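> Sequence:
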Amino acid sequence: MPTVAGQYTITLDDDPIVHKIISQVTGVPSLPFTCPKKLLRKSTSLSPIAVFLDINLKENVSGLDCLPELRRLWRMAPILV
1 MPTVAGQYTI TLDDDPIVHK IISQVTGVPS LPFTCPKKLL RKSTSLSPIA
51 VFLDINLKEN VSGLDCLPEL RRLWRMAPIL V
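In the numbering used here, the protein residues as written are 1 to 81.
It is worth saying that the hints were derived from the structure and are not from the lab.
This one's a predicted model, so the numbers in the text were calculated from it and none came from an experiment.
Hints are supplied without guarantee of correctness; some may be wrong.
To be verified - 20 Å max Cα-Cα, derived EDC-like pairs, lysine to aspartate or glutamate:
hint: 1; residue 1: Lys38; residue 2: Asp65
hint: 2; residue 1: Lys37; residue 2: Asp15
hint: 3; residue 1: Lys37; residue 2: Asp14
hint: 4; residue 1: Lys42; residue 2: Asp65
hint: 5; residue 1: Lys38; residue 2: Asp54
hint: 6; residue 1: Lys37; residue 2: Glu59
hint: 7; residue 1: Lys42; residue 2: Asp54
Said to hold, decoys possible - Computed Cβ-Cβ distance ranges for the label pairs, DEER-style:
hint: 8; residue 1: Arg75; residue 2: Leu31; range: 27 to 33 Å
hint: 9; residue 1: Gly6; residue 2: Asn56; range: 30 to 36 Å
hint: 10; residue 1: Ser47; residue 2: Asp15; range: 22 to 28 Å
hint: 11; residue 1: Lys38; residue 2: Gln7; range: 17 to 23 Å
For every residue, glycine included, the Cβ atom is placed at its ideal position computed from N, Cα and C.
Please model the complete structure; the sequences and the hints are all you need to start from.
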């Protein structure tokens, strides 16, 4: 699958394999994050075409915790949970 220059997705998941799978399946580079706090700190400088969030992260953390803020920042990007 061809890649689209300058476009990327974001994947929030604690399993590194998921980041690779999403990038391979979509044909679009994916910026990997394992921690919602780190993602939120960098979020204002990012502009993804889509976001993939894991619900069950390590240490009882959920990707849903950052969903409202990500939706506010990236209104047009689909967010898949």
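> Give a verdict on every hint.
How the hints compare with the structure:
Restraint check: the Cα-Cα separation between Lys38 and Asp65 comes to about 13 Å, which is no more than 20 Å; the hinted pair holds. Between Lys37 and Asp15 the CA atoms are separated by roughly 17 Å; this keeps the pair inside 20 Å, and the hint holds. For the hint pairing Lys37 with Asp14, the CA-to-CA distance comes to about 13 Å; that is within 20 Å, so the pair holds. Taking the CA atoms of Lys42 and Asp65, the gap is about 16 Å. The hint holds against a cut of 20 Å.
With a CA separation close to 14 Å, the supplied pair Lys38 and Asp54 stays within the 20 Å bound. For the given pair, Lys37 sits about 13 Å from Glu59 by alpha-carbon distance, which is consistent with the 20 Å threshold. Pair hint Lys42 plus Asp54 holds up; C-alpha atoms about 18 Å apart against a cutoff of 20 Å. For the pair Arg75 and Leu31, the supplied restraint of 27 to 33 Å is violated, since their beta-carbon distance comes to about 19 Å.
One distance hint, 30 to 36 Å for the beta-carbon pair Gly6 and Asn56, holds here, with the actual separation near 32 Å. Hint check: Ser47 to Asp15, Cβ distance near 25 Å, so the stated range 22 to 28 Å holds. Separation of Lys38 from Gln7 is about 21 Å and conforms to the stated range, judged on CB atoms against 17 to 23 Å.
Checked against the numbered hints above, the structure breaks only hint 8 and satisfies the rest.
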